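Take the sequences, apply the hints, and build the full model.
These are the residues of each chain, in order.
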Amino acid sequence: MMLADIGLDTLDDLFAAVPEALRLAGGLDLPAGMSEPDVAAEMERLAGLNRAGSDLVCFAGAGAYDHEVPAATRRLASRSEFVTAYTPYQPEVAQGVLQALFEYQTMVARLAGLPVANASLYDGASAAVEAVNLAVGAKRRQTVWVGGGLHPHWRQVLATFAAGTGHRLVDIPLRDGVTDWSAAPDGEAPACLLVASPNYLGAVEDLAAARAAADRHDALLVAAFDPVSAGLLRSPGDLGADVAVGEGQPLGTPLSFGGPYLGLFACRAEQVRRLPGRLVGRTVDREGRPAYVTTLRAREQDIRRERATSNVCTNQTLIAVACMIQLAWLGTAGLRELALRCARGTRYAREALLSIPGVSLLASAPTLREFAVELPVPAQVAVERMAEEGYLAGVPVGVEGGVVRDEGDALLVAVTERRTRAEIDGFAACLEKVVR
Amino acid sequence: MPAGATSPAPGGRAWSAPLSGRHHEPTVFEYSSPGRRACSFRTTGVPEWDPDELLPAEHLRAEPAELAEVSERDLVAHVTRLTHRQYSVDLGAYPLGSCTMKYNPKLCDDAASLPGLTGVHPATPAAQAQGWLELLWSLSDALCRVTGMHAATLQPPAGAAGELTGLLLMRAWHAARGETRRKVIIPDSAHGTNPASVTLGGYETVTVPSDRRGLVDLDALRARLDADVAGIMLTNPNTLGLFEEDITAIATAVHSAGGLLYYDGANLNAILGVTRPGDMGFDIVHMNLHKTFAVPHGGGGPGAGPVAVSERLAEFLPGPLPSRRPDGTFEWRTPARSIGRVHSWHGNALALARAWSYILSAGGDGLRGVADAAVLNANWLRHRLRGVYDLPYDRPNMHEFVASTASLKKQKGLRAVDVAKRLLEEGFHAPTVYFPLIVEEALMIEPTETESLETVAALADALIAIAGEEAGVGESAPRTTPVGRVDEALAARRLIPTWDAAVAAGETA
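Residue numbers (this note's numbering), protein chains in the order written: chain A, 7 to 442; chain B, 312 to 820.
These are computed hints drawn from the structure, not numbers from a lab. All values derive from a computational prediction rather than experimental measurement. Some hints here could point you the wrong way.
Label-pair restraints from in silico Cβ distances [stated by the list, open to error]:
#1 A:S60 - B:T645: 28 to 36 Å
#2 B:P637 - A:S60: 28 to 36 Å
#3 A:G172 - B:A320: 55 to 63 Å
#4 B:Y745 - A:T426: 40 to 48 Å
#5 B:F352 - A:P363: 31 to 39 Å
#6 A:E380 - B:A647: 27 to 35 Å
#7 B:E780 - A:G32: 46 to 54 Å
#8 A:G193 - B:L748: 39 to 47 Å
#9 B:P367 - A:D224: 28 to 36 Å
#10 B:K417 - A:R146: 37 to 45 Å
#11 A:D224 - B:G724: 46 to 54 Å
Derived, one-sided and incomplete: chain B residues facing chain A with beta-carbon distance under 8 Å [unchecked claim]:
#12 P367
#13 M412
#14 R456
#15 P506
#16 T559
#17 A560
#18 G584
#19 G611
#20 D683
#21 N690
#22 P707
#23 H740
#24 I749
#25 T792
#26 R796
#27 A803
Stretch by stretch, here's where chain B covers chain A in the computed footprint (C-beta under 8 Å, at least three residues) [claimed, not checked]:
#28 153-162
#29 167-175
#30 188-198
#31 218-232
#32 266-279
Cβ atoms here follow ideal geometry from the backbone N, Cα and C, with glycine treated the same way.
The following block contains the structure:
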């Protein structure tokens, strides 16, 4: 009937504009469709081939942490009004998403100790890329100093995108686990210093020293922070950072095999015109009632097109909403308690592991939720054997030329608030057996 | 904590007044009251050291970061009220052109919620994550079959990230041949992310105009092709909803000049099972799984923007990639000349799992049916609007078409934005407005395949009725939404990005 309405005979007639030579003969080379229960069974089969949860007790971190995601966060963030909405281009029917993002921005700004936060970026690495691009644009310089403790994957992503933008990344080596800014090379002044604290090895860096080094060169300071550690640690803004970035996964998002995660991004007011991604602002409607809308849209790529300084046109709204809910669920005292519980478990685990003969710390800098140890056997061997015993023992790590790498003989171990004393004791006993 | 028998439940007022009504919902910070909390933690038995026994004092914050102090009941009521102020696909039709707001089957939600998927750490050794590797490998394989390409990366977390990845692949390919080319051609109808991605890819944008048909002007394209052109970015069908009929000639011309063809997969929905970018001559294809493959948009992300390439570009793909060993097990492998990672881990994995469950559900025939229904709905709607709205390119379209209020604006001042706001009152989401830029007062309409004839007909009736209204009616719309027309200029002039800024500006709870 619909075909007849528009004067066509067959469905194929709809595609008359597609040249005959380009038509796909015989249809797509894919299996036939499956019923819902059959799809569910196949997805269950795939899920069953993975080991997780109590079957593989998680002591791995490296930027992805096994924190509790409570029922309230899971249930609320999976409401279909959030899940199946589009980007809030029509604010009159998108106040729910917009207000949730406004509350998220407020919480991220408070954690970062900076006045403005955007509505999120893709992940921690993308937030770092955008921060570097902001600094390069603001300072009109082409060199970026990167602390040797930055997440190796982030460092790789920075290098991938620098191939297009053309700026140089200079690694500043670690000394005993934290960046040694005195080892920075002479030469062109950097647009920014990028340093993670806690860094990949779990070490809390001296951001005041980084700020001083930045000041010597009139450079911006970009600090990558951890939003859970922020419950105990001084904020990046308090310590002088111009831009704070971070991976928001630890607040409300399950491990999810690495995504979707959440790029946190906050900055000082003077950088707001260069802020990448979406920004929600509070305003009023025609009758003067409070209302929310994406604002400073003139920054965005769909308007600036080839003059844009970022091509990011979405964010991770749903993950940001989960983060906001999680932070509200934790509350002021709860975030501090969460960080404290991580730090307690980490200290307990560190002491347990160091009591094993042949196990030593890779660096002595203070740590909160994660630490690296050298073992009598290569970390890869330990991880494989520990998996057989039901533990995800950690992530292999190395330091080469003062820069952390995502492979090596040392083991990076993370302890969240979920790990019990019994689990840690079992983990240490098992590791002792494995490295013997 | 449940309320005890002797004390009331903690928390503030729970009320249902804003049910789609016109009551303002306070922020979570305004519900905050000292001492209230929702959280609880696992009993661990770990010694309860104090902070100063754990970390040097100079690192510790003096005061806790202030968030909100609310009971779980308060939090749930607040967030639930927010959801009542939000339009969504689950609620109704969303004919946003080029956004492909199709219904997202619920089975995909369940698939992406399996603990055996959500609970897996991304650094889990491949031997303990075989299900994930198989899923990702299978999805890559299927996406290559759909697009006619050779290999794919699933890392790009969004369409724009896929675009930039594609341009960096283009750059690496030319560099490997010892060539430095500086320009990338895009049509004047291209999505706004295209030129932005070109800039970030280190290239200059060269714009090629559309001809009277709304298609790439082939002569103008040929005039722009030279040894400095790295490639062209095309959406096919383009943003006018028109299939680039000369695509084979375009591909030949670009390839002859030593350039590559990049396919912006934003509009892939229209050609599923009908034709493939690989067969058209494209070298690099990005896909928006949040459009074509039913990953829900999440209010603006997370999406997923995988990139597939022809054989000659496969060695440059970001890695690591899931790979199948001869014994049927899976491992990670990084291509020989990889441009490097574009994501912290393996991409938006749970979005990828949703897409895989959608593909399993639809199958090859089902995907072809998607294209049939999407194109039929869009053509039917265009026919209904003929003679009411301007149709600057009134010819058979694919999944979407562009109408305009240019004549209605002259007659009685009806602008595209007014139509958009009136549609909100009629229970529909608005189409994309003022895009593509080459059409004045543009309404870009994509009904998608998941809306019924009844729904599409009701949308047509609403659009026709709005066009027939007296002058000025649209200007006061929307009046039945949770807020009226929002003052966007004020938001930009007096920036209030946080509740703290609102308080500083004099607003009080």
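To see whether the hints hold, each was checked on the structure:
At about 32 Å, the beta-carbon gap between S60 (chain A) and T645 (chain B) stays in the expected band of 28 to 36 Å. P637 (chain B) and S60 (chain A) have their C-beta atoms about 33 Å apart, which keeps the hinted 28 to 36 Å range intact. Distance hint for G172 (chain A) and A320 (chain B): a CB-CB separation of about 59 Å, consistent with the stated range 55 to 63 Å. Under the hint 40 to 48 Å, the C-beta atoms of Y745 (chain B) and T426 (chain A), about 57 Å apart, miss the expected range.
About 33 Å separates the C-beta atoms of F352 (chain B) and P363 (chain A), a value consistent with the hinted range of 31 to 39 Å. The hint said 27 to 35 Å for the Cβ distance between E380 (chain A) and A647 (chain B), and at roughly 32 Å that hint holds. The hint said 46 to 54 Å for the Cβ distance between E780 (chain B) and G32 (chain A), and at roughly 50 Å that hint holds. A beta carbon spacing of about 44 Å between G193 (chain A) and L748 (chain B) agrees with the range 39 to 47 Å that was offered as a hint.
For the hinted restraint 28 to 36 Å between P367 (chain B) and D224 (chain A), the CB-CB distance of approximately 29 Å keeps it satisfied. Roughly 51 Å separates the CB atoms of K417 (chain B) and R146 (chain A), a value that falls outside the hinted 37 to 45 Å. At about 53 Å, the CB distance of D224 (chain A) to G724 (chain B) agrees with the hint of 46 to 54 Å. Interface restraint check: P367 (chain B) against chain A, minimum CB-CB distance 6 Å, threshold 8 Å, status holds.
Interface hint status for M412 (chain B): upheld, as the beta-carbon distance to the closest one in chain A is roughly 6 Å, under 8 Å. A least Cβ separation of about 5 Å between R456 (chain B) and chain A falls short of the 8 Å threshold, and the interface hint therefore holds. A least Cβ separation of about 4 Å between P506 (chain B) and chain A falls short of the 8 Å threshold, and the interface hint therefore holds. Given the 8 Å rule on beta carbons, the hint for T559 (chain B) holds: about 7 Å separates it from the nearest Cβ of chain A.
About 10 Å separates the beta-carbon of A560 (chain B) from the nearest beta-carbon of chain A, more than 8 Å, and the hint is not met. With a least beta-carbon distance of about 5 Å to chain A, the hint placing G584 (chain B) at the interface is held under the 8 Å criterion. With a least beta-carbon distance of about 4 Å to chain A, the hint placing G611 (chain B) at the interface is held under the 8 Å criterion. Annotation: interface hint on D683 (chain B) holds; nearest CB of chain A at approximately 5 Å, less than 8 Å.
Residue-level restraint check for N690 (chain B) holds (minimum Cβ-Cβ distance to chain A is 5 Å; threshold 8 Å). Because the closest C-beta pair between P707 (chain B) and chain A is about 6 Å apart, less than 8 Å, the hint holds. A hinted interface residue such as H740 (chain B) counts as satisfied when its beta carbon comes closer than 8 Å to some beta carbon of chain A; here the least separation is about 7 Å, so the hint holds. For I749 (chain B), the interface hint is violated, the least distance from its beta-carbon to any beta-carbon of chain A being 13 Å, above 8 Å.
For the restraint placing T792 (chain B) at the interface with chain A, the shortest Cβ-Cβ distance is roughly 4 Å, inside the 8 Å limit, so the hint holds. For the restraint placing R796 (chain B) at the interface with chain A, the shortest Cβ-Cβ distance is roughly 5 Å, inside the 8 Å limit, so the hint holds. A hinted interface residue such as A803 (chain B) counts as satisfied when its beta carbon comes closer than 8 Å to some beta carbon of chain A; here the least separation is about 5 Å, so the hint holds. Interface restraint, the stretch 153-162 of chain A with chain B: holds (4 residues with C-beta to C-beta distance below 8 Å; minimum three).
Closer than 8 Å: that is the beta-carbon criterion, and the stretch 167-175 of chain A has 5 residues meeting it against chain B, so the requirement of 3 holds. Interface restraint, the stretch 188-198 of chain A with chain B: violated (0 residues with C-beta to C-beta distance below 8 Å; minimum three). Only residues whose C-beta sits within less than 8 Å of a C-beta in chain B count toward coverage, and the stretch 218-232 of chain A has 0 of them, not enough to reach three; the restraint is violated. For a cut-off of 8 Å, the count of residues in the stretch 266-279 of chain A with a CB near a CB of chain B stands at 3, and the three-residue condition holds.
Of the numbered hints stated above, those contradicted by the structure are hints 4, 10, 17, 24, 30 and 31, listed in ascending order.
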